[in-house]
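Enquirer: Let's have the full structure, built from the sequences with the hints guiding it.
Number of protein chains: 2
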Amino acid sequence: MTITNKDKLIIFDTTLRDGEQSPGVTLTVNEKIEIAKQLSRLGVDVLEAGFPVASQGDFDAVQRIANEVGPLMVGREAIGKPITIAGLARAVPADIQRCYDAIANAPHKRIHTFLATSDIHLEHKLKITRDECVKRAVAAVSFAKTLVTDVEFSPEDAGRSDQDFLCTVLSAVIEAGATTLNIPDTVGYNMPEEYGAMIKYLIANTKGSDKVIWSAHCHNDLGLATANTLSGICNGIRQVEVTINGIGERAGNTAMEEVVMAVHTHPDFFPVYHTINTSLFFRISQLVSSLSGMVVQPNKAIVGANAFLHESGIHQDGVLKNKQTYEIISPETVGANTINLVLGKHSGRAAFRSRLQELGFGELTEEEFQVAFNSFKTLADSKKRVTEQDLLALLSDQVSSSAGEKTTYTVKSLQVVSGTSFATATVQLQNTQTGDVLIDAAIGKSGPIEAVFLAIQRLVGKKIHLLKFDITAVGQGVDALGQVSVKIAEGSANGSSSDSEDSVTETEEDKDAGLNKATYHGHGADSDIIQAATKAYLNAINRLVANESKRILGERKVDV
Amino acid sequence: MTITNKDKLIIFDTTLRDGEQSPGVTLTVNEKIEIAKQLSRLGVDVLEAGFPVASQGDFDAVQRIANEVGPLMVGREAIGKPITIAGLARAVPADIQRCYDAIANAPHKRIHTFLATSDIHLEHKLKITRDECVKRAVAAVSFAKTLVTDVEFSPEDAGRSDQDFLCTVLSAVIEAGATTLNIPDTVGYNMPEEYGAMIKYLIANTKGSDKVIWSAHCHNDLGLATANTLSGICNGIRQVEVTINGIGERAGNTAMEEVVMAVHTHPDFFPVYHTINTSLFFRISQLVSSLSGMVVQPNKAIVGANAFLHESGIHQDGVLKNKQTYEIISPETVGANTINLVLGKHSGRAAFRSRLQELGFGELTEEEFQVAFNSFKTLADSKKRVTEQDLLALLSDQVSSSAGEKTTYTVKSLQVVSGTSFATATVQLQNTQTGDVLIDAAIGKSGPIEAVFLAIQRLVGKKIHLLKFDITAVGQGVDALGQVSVKIAEGSANGSSSDSEDSVTETEEDKDAGLNKATYHGHGADSDIIQAATKAYLNAINRLVANESKRILGERKVDV
Chain A
95 MTITNKDKLI IFDTTLRDGE QSPGVTLTVN EKIEIAKQLS RLGVDVLEAG
145 FPVASQGDFD AVQRIANEVG PLMVGREAIG KPITIAGLAR AVPADIQRCY
195 DAIANAPHKR IHTFLATSDI HLEHKLKITR DECVKRAVAA VSFAKTLVTD
245 VEFSPEDAGR SDQDFLCTVL SAVIEAGATT LNIPDTVGYN MPEEYGAMIK
295 YLIANTKGSD KVIWSAHCHN DLGLATANTL SGICNGIRQV EVTINGIGER
345 AGNTAMEEVV MAVHTHPDFF PVYHTINTSL FFRISQLVSS LSGMVVQPNK
395 AIVGANAFLH ESGIHQDGVL KNKQTYEIIS PETVGANTIN LVLGKHSGRA
445 AFRSRLQELG FGELTEEEFQ VAFNSFKTLA DSKKRVTEQD LLALLSDQVS
495 SSAGEKTTYT VKSLQVVSGT SFATATVQLQ NTQTGDVLID AAIGKSGPIE
545 AVFLAIQRLV GKKIHLLKFD ITAVGQGVDA LGQVSVKIAE GSANGSSSDS
595 EDSVTETEED KDAGLNKATY HGHGADSDII QAATKAYLNA INRLVANESK
645 RILGERKVDV
Chain B
95 MTITNKDKLI IFDTTLRDGE QSPGVTLTVN EKIEIAKQLS RLGVDVLEAG
145 FPVASQGDFD AVQRIANEVG PLMVGREAIG KPITIAGLAR AVPADIQRCY
195 DAIANAPHKR IHTFLATSDI HLEHKLKITR DECVKRAVAA VSFAKTLVTD
245 VEFSPEDAGR SDQDFLCTVL SAVIEAGATT LNIPDTVGYN MPEEYGAMIK
295 YLIANTKGSD KVIWSAHCHN DLGLATANTL SGICNGIRQV EVTINGIGER
345 AGNTAMEEVV MAVHTHPDFF PVYHTINTSL FFRISQLVSS LSGMVVQPNK
395 AIVGANAFLH ESGIHQDGVL KNKQTYEIIS PETVGANTIN LVLGKHSGRA
445 AFRSRLQELG FGELTEEEFQ VAFNSFKTLA DSKKRVTEQD LLALLSDQVS
495 SSAGEKTTYT VKSLQVVSGT SFATATVQLQ NTQTGDVLID AAIGKSGPIE
545 AVFLAIQRLV GKKIHLLKFD ITAVGQGVDA LGQVSVKIAE GSANGSSSDS
595 EDSVTETEED KDAGLNKATY HGHGADSDII QAATKAYLNA INRLVANESK
645 RILGERKVDV
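Sequences listed follow chains A and B, in order.
According to our numbering, the stretch in the first sequence is residues 95 to 654, in order.
According to our numbering, the stretch in the second sequence is residues 95 to 654, in order.
It should be emphasised that the hints constitute simulated quantities derived from the structure, not laboratory data.
Mixed in with the good hints, there may be bad ones.
The list makes no distinction among identical chains, and a pair is therefore deemed to hold if it is satisfied within one copy or across any two copies.
[Said to hold, decoys possible] Calculated cross-link-like contacts (lysine-lysine; reagent style PhoX-like; alpha-carbon spacing at most 25 Å):
| # | residue 1 | residue 2 |
| --- | --- | --- |
| 1 | Lys478 | Lys556 |
| 2 | Lys478 | Lys221 |
| 3 | Lys500 | Lys294 |
| 4 | Lys294 | Lys539 |
| 5 | Lys506 | Lys557 |
| 6 | Lys478 | Lys439 |
| 7 | Lys478 | Lys539 |
Model, not experiment: these values are computed from the prediction.
Expert: What follows is the structure, given as structure tokens:
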């Protein structure tokens with residue numbers, strides 16, 4: 095089968111909205127902007143930046159992305175226009191207005207509004223009739239249309255909605271001006287064949303279906319998000335809602351790199367083409383993994399560490415004449431070849447700057463550049479081979495700890511003694527606000543990292559609950575950078591935990607008590623794992639201190 | 095669509111053969127036996143235990159699995175028969191005989207033989223004609239049939255073979271007595287629709303196709319292994335070749351848990367049923383991850399840490415009356431509910447023993463039980479909440495370091511001093527063979543773990559190349575167990591590395607020099623990350639010392 099007239103496949107990235115709903119993931123505004131810049135450079139068509147009505151923090155993030163990333167053309171020369179910034183809004187005027195206010199400055203902007211259409215949602219959650227549902231959907235789209243030309247509508251819980259009623263709603267919103275219709279498989283239950291058949295039915299039975307772009311939004315609960323999305327494409331889907339590394343709630347969303355590479359490697363099978371710069375996939379995968387703390391397993395398709403490693407001898411067999419068919423994707427195509435490139439220890443500033451540019455960090459201020467260069471030099475002193483992967487980890491670290499939040503505490507010195515029984519840490523912190531230098535020590539029964547955390551707790555005079563603690567190694571040597579990511583919340587002064595004095599890990603009671611508390615994410619990278627943990631913990635504490643007076647409460651996450 | 099007459103879906107697990115071909119994974123015989131026992135208990139029908147001709151080590155592992163796991167009935171009462179032990183063999187008499195010798199003692203046994211059928215392989219690799227190919231395939235199956243009744247044949251590179259020639263080969267091997275025909279998508283290139291169509295065509299055009307079981311073997315390079323396998327099932331496949339966590343070369347094999355749960359949740363869609371005890375999935379996933387060192391990403395379908403975590407509020411919404419449809423898989427169904435269960439610090443031996451039984455470690459000797467109980471007590475002293483997940487990590491550790499290999503070195507004491515500049519480690523080892531106690535110290539520029547490794551190198555008097563170093567945290571607190579896995583090889587005395595004196599990580603030159611060297615895997619778990627690293631390193635060194643005189647050379651991995 096050869097397709098002659100191909101449509102462009104629109105890549106709608108929701109790493110910053112649905113991806114950020116992954117349990118335990120909280121990105122700062124700076125981290126979101128860095129990811130958004132890289133997504134723009136990758137060639138993403140539409141970027142869902144957040145859910146502006148959810149909180150002031152979400153609003154600010156979407157607004158800054160619209161202002162700072164919305165107009166960028168770097169890396170998009172072939173596409174010829176900047177990225178479209180989308181914001182999510184429930185089908186109510188206040189949400190839609192708030193969404194518009196956040197994205198207003200982007201040259202290309204989209205309002206993405208949604209309303210449940212299944213009877214179970216209408217009756218039990220929204221408590222409205224089907225007629226009222228159609229009216230609300232039309233009202234929402236009509237209002238959005240007065241603000242922007244580009245309006246997307248999602249019927250929430252489409253999979254369990256009556257298909258003919260769904261066609262009625264969809265016909266009505268097209269009439270009202272919707273330009274994209276997105277069909278979610280919210281619970282990840284569909285088989286590829288079923289999802290494709292549903293798309294086909296909806297397109298065939300919705301009035302005006304040829305005037306809009308149909309979009310797929312799948313979840314990976316059975317490991318089928320990619321297959322479902324591809325089945326959608328074969329049945330009329332022209333926009334795919336995806337995330338980098340497939341991150342998202344539960345088992346995640348559809349992985350962008352898998353869908354794009356399936357289309358890329360099967361030009362004769364799919365009726366679409368894409369305009370993604372696939373050679374950036376490996377790097378952006380690493381960046382998102384670092385910043386989100388969501389590990390990519392070695393056997394992950396396309397971007398896993400093993401994806402291009404061949405253990406058996408057969409693949410190197412030079413007699414195979416048709417290499418291209420055998421090696422379905424070359425490492426270069428997704429940028430897997432450069433990730434382990436060694437950076438010369440004696441690299442000068444100019445060489446380093448040009449490497450940063452290649453990595454998409456060309457827009458650092460002079461001060462930021464100097465910080466990055468110093469980190470590189472320090473690492474190069476302790477490590478034989480500094481790779482591009484190490485550099486990405488350092489840069490992620492810098493993005494996370496940089497500007498935006500004021501840094502209250504910095505480590506002046508750290509000393510750890512540990513052995514076969516227990517560990518002692520002595521930590522000296524400087525309070526940059528007051529100039530005070532504080533020093534104290536603590537014992538850790540579970541090793542040196544616990545000792546350091548307990549000493550820091552004493553110094554900052556707070557009871558901190560550690561909600562999450564993850565370690566991963568970047569690269570392969572003993573001098574591999576260790577990356578630690580932590581999530582913390584402040585405990586009550588009269589800690590309900592029976593053992594609160596010398597505890598850093600939450601108990602069940604803490605968990606209950608902490609349900610409505612703000613949580614803070616921190617991460618750190620260092621070739622010394624204890625230093626990495628110290629950086630991560632202090633990074634999170636600095637955020638806690640900075641935000642102490644502006645806690646954000648209330649529900650802010652939605653399911654689409 | 096309701097299917098009334100269902101066939102049983104045969105689950106063929108190849109975690110120990112194709113899964114073990116994951117880059118960096120090397121399982122010891124003890125580790126393989128433990129995984130095999132758990133797979134038998136899970137309800138796997140056929141277990142591919144290895145490739146006996148590849149090396150003496152592979153032969154021994156397959157033979158011990160055939161002898162020790164082959165007859166087990168624990169957990170298989172509903173299935174009514176023990177697991178079938180399969181071995182892989184090229185289509186040559188020596189391979190087939192060697193395979194038979196390894197599996198001979200299993201009550202149910204299978205020889206799995208393979209031969210390439212694509213022209214490109216025939217011409218360039220095997221240098222034989224199509225006629226010769228048919229002859230060899232028939233000869234191999236006929237010979238295998240004289241040894242066992244259960245013979246599986248795989249046409250390697252089926253995807254690129256001429257389909258009609260493939261039918262000729264397959265018809266001939268059925269005639270010769272093959273009972274299962276396995277169709278691999280070796281390079282993971284097929285779209286689900288294409289793979290399903292190929293299966294349909296082969297079944298329709300192969301003589302005697304109704305007399306055999308058709309099997310699917312897919313790879314995950316585009317993230318479609320599960321979808322391809324399921325498409326196969328819809329088109330006549332009745333055996334699936336899968337691995338736990340989808341481990342395997344490059345992006346891995348089809349994940350057993352995904353295929354089984356797709357079938358499980360769609361009883362009206364698939365014409366098959368399964369007899370897997372799905373409630374063991376989470377535990378076996380953890381065990382395989384621990385022993386193989388292959389991390390499972392949090393957003394992995396079915397067995398990822400987040401797979402059953404809901405971040406948004408909607409899912410807890412009590413108004414949804416139809417919980418079963420909404421929550422497509424309950425955590426209990428795959429055993430995700432018990433993994434974080436806390437084990438009482440004051441648990442006695444009886445309670446502990448019954449917990450071990452639940453975890454499938456009921457057959458420990460009294461001595462092994464005592465070691466496990468002591469580890470548990472030690473951990474419970476340093477950690478508030480010991481979970482089932484921690485216990486699995488401890489047991490994995492014990493499996494890895496236990497019997498089979500003699501332990502030459504044990505740590506008597508360890509002292510580490512580290513801080514913001516460099517680290518010093520003092521290590522005291524006992525050589526259990528000679529009774530000598532050795533002590534030395536070293537400096538680590540990259541932190542305390544490097545210091546410990548360098549001190550150990552001095553004590554054992556060897557130059558060790560570290561080929562792989564991975565850290566992961568089990569669980570969520572700062573007292574989470576850290577798991578470290580390492581891979582090492584011995585360096586040449588006159589190390590080619592310019593910096594060999596104080597180096598533990600391989601250089602490019604080391605890599606070249608080490609290509610034909612035996613490598614040793616080690617792992618360790620401890621709530622103190624430095625202790626975990628020390629255990630892992632010494633575990634690997636003990637294996638190196640034990641195997642010093644019996645290095646196994648030569649290619650041992652194949653692509654099917």
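Enquirer: None of the hints should be skipped; say for each whether it holds.
Expert: Hint check:
{"no.": "1", "hint": "Lys478 x Lys556", "in the structure": "between (39 Å within a copy, 20 Å between copies)"}
{"no.": "2", "hint": "Lys478 x Lys221", "in the structure": "neither (64 Å within a copy, 46 Å between copies)"}
{"no.": "3", "hint": "Lys500 x Lys294", "in the structure": "neither (53 Å within a copy, 64 Å between copies)"}
{"no.": "4", "hint": "Lys294 x Lys539", "in the structure": "neither (61 Å within a copy, 61 Å between copies)"}
{"no.": "5", "hint": "Lys506 x Lys557", "in the structure": "within (22 Å within a copy, 36 Å between copies)"}
{"no.": "6", "hint": "Lys478 x Lys439", "in the structure": "within (8 Å within a copy, 44 Å between copies)"}
{"no.": "7", "hint": "Lys478 x Lys539", "in the structure": "between (33 Å within a copy, 10 Å between copies)"}
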